[in-house]
Amino acid sequence: MTNLICITCPIGCALQAQLVDGKLTVTGHTCARGEEFARAELTNPMRTLCTTVRTNDPACPLLPVRTQGEIPKAAMMDVMRLLAGVTVTSPLTCGDVITSLAPICDGNVIATCDWPF
Amino acid sequence: MSIQTNVAVIGGGPAGLAAAIAASKQGADVLLIEREARLGGILKQCVHDGFGVVRFGEKLAGPEYAQRFLNELREYPIQTLTQTFVDKIKPHPLGWKINLVTAQGMRQAFAKAVVFATGCRERTARQIGIHGTRPAGVLTAGSAQYFTNILGQLPGHRCVILGSGDIGMIMARRLTLEGAQVLGVYEARAMPSGLPRNVAQCLHDFNIPLHLRKTVTRCFGYPRLEAVEIASVDEHMQPIAGTEERIDCDALILSVGLIPENELLETLRVSIDPVTRGPVCDQHGMVAPGLFCCGNAAHVNDLVDYVSESGEIVGTAAAQYTEQPRQHAKIIAGQGMMYATPQKITLPAGKFPLYFRVREELGKSRVVVRLGDTVLAKKTYLTLRPPEMERIALDLSQVALQEGQEIMVEIL
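The listed protein sequences correspond, in order, to chains A and B.
Start counting the first sequence at 1; every next residue gets the next number (the working numbering).
Start counting the second sequence at 118; every next residue gets the next number (the working numbering).
The hints are simulated quantities; they were obtained by calculation from the structure and are not laboratory data.
Computed from a predicted structure; not experimentally measured.
One should not assume that every hint holds.
As the list claims (entries may be wrong) - Partial selection, computed: residues in chain A whose CB lies under 7 Å from chain B: (1) Gly12; (2) Cys31; (3) Arg33; (4) Leu62; (5) Pro64; (6) Cys94; (7) Thr112; (8) Phe117.
Stated by the list, open to error - Cut-off 25 Å, straight-line C-alpha distance, at most; resulting in silico cross-link-like pairs (DMTMM-like, lysine to aspartate or glutamate): (9) B:Lys176 <-> B:Asp322; (10) B:Lys481 <-> A:Glu70; (11) B:Lys161 <-> A:Glu70; (12) B:Lys495 <-> B:Glu520.
By construction, the Cβ of each residue, glycine as well, lies at the ideal position given by its N, Cα and C atoms.
Chain A with its partners taken away, still in its complex shape:
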């Protein structure tokens, strides 16, 4: 039995989860998303990574970004290193793709606001 805190919403339910022969038992959740979260935590934990990338504008040197969807938790530091080499130079709209995450994992990194500001 593993104790988990569900991070899906601000309630933060305290879950007790167990995965035996592919069969998941969860208690403590108050909605279906808690079960999904527990399954992922016990098999392949996933997270949304939010960070910034450089811009070529010294007055506003950073643009906020995040992964489009979740990535494996274990890949977060590799994605940080990849993004350390990215500089934004042309105008973007919130949601535009900045870079693909291949070859680290599936998915893209998107802008989380319009740029230039």
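Based on these hints, arrange chain B on the given structure of chain A.
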């Protein structure tokens, strides 16, 4: 050149944006005043996600949440002044006279109604009794966030975080991702003061230790922080002699609470709630005739979704404001409650959200809203914790409330 408007909104963060849009939707002329160069308030630097779950059913990053309101704002004829500071507000035959300091000089605005959406401020080291030197490297979590996420400068390489508020835990993760070492989060209380999900995803995920019942008592080093002294605290939060230990670090980041920012509103001698530290408001956010307050300036929220909701309610009411005699009933935070807002109700009561926080952590409990022996609303919770603000949708449109009556909110 002076500006005449129906509604002046002070502050272009989430509360002010929602209030300006809502007032404009009612057909009012709206002036939105922001002291920074960009609208969006603190959301600009909150690059982490988790915003908008209640409102949009999605986990958005802070700037992304703000962007939705900025896009909506453009669709309305709202006059926006950025890099503009409100210096003074005075009553005037047109309503309120507002002195503005702009990059081009002084200006005046006249508004029938003024909405204060001025947000909140962080408690500082001097407000929590940390002794010793005053070196560089001691900063609030919000300042550390500004350096890291807006300026692109890491505030330290070996960081100690005092206080387990949400921003402190979020900064622990953020600094770790950016290559700093976070030595630990220290919390004087017995329980973390932020949301459980942040303990999980910000601390547990990155193996950052959380030390409860410990606090920072002293800073060492000058001009740069070199170390802090940590001590265990007793049940009265007082440091216990003999438990001190010294930890070498170059940054001390404080996440020790937020206080509504009402310096301007206080000059108008309104009544301030000693618990929320915001003004006493009615269900429309009205503080006094023609003066309104919303968002974190009214009381510190933990979800921006509710800040936006409050902005919308208040913006709508400010647009509809007319001078007339008003009668009020009261809402009293009863047994087990730290506070309940709104603190008063202008009659007729209608429908509105009631927000509250409890005094201490509770298991399964029932919250009851009653007028005398008549139960107006009740809600059962599996757990209630002081860090988590709760909301009950009240519908009092069928209740014959009278001037001066008291509605009690309490735990049964």
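Against the structure, the hints:
1. Gly12: Status holds, d = 3 Å.
2. Cys31: violated (12 Å)
3. Arg33: violated (10 Å)
4. Leu62: With Cβ-Cβ at 5 Å, under 7 Å, it holds.
5. Pro64: Holds: closest Cβ of chain B sits about 4 Å from Pro64 (chain A), inside 7 Å.
6. Cys94: For Cys94 (chain A), the interface hint holds, since the closest Cβ of chain B sits about 4 Å away, which is under 7 Å.
7. Thr112: holds (4 Å)
8. Phe117: With Cβ-Cβ at 6 Å, under 7 Å, it holds.
9. B:Lys176 <-> B:Asp322: holds (19 Å)
10. B:Lys481 <-> A:Glu70: Cα-Cα ~33 Å, so violated.
11. B:Lys161 <-> A:Glu70: holds (22 Å)
12. B:Lys495 <-> B:Glu520: It holds: about 23 Å lies between the C-alpha atoms, which stays within 25 Å.
Hints 2, 3, 10, counting from the list given before, are not met by this structure.
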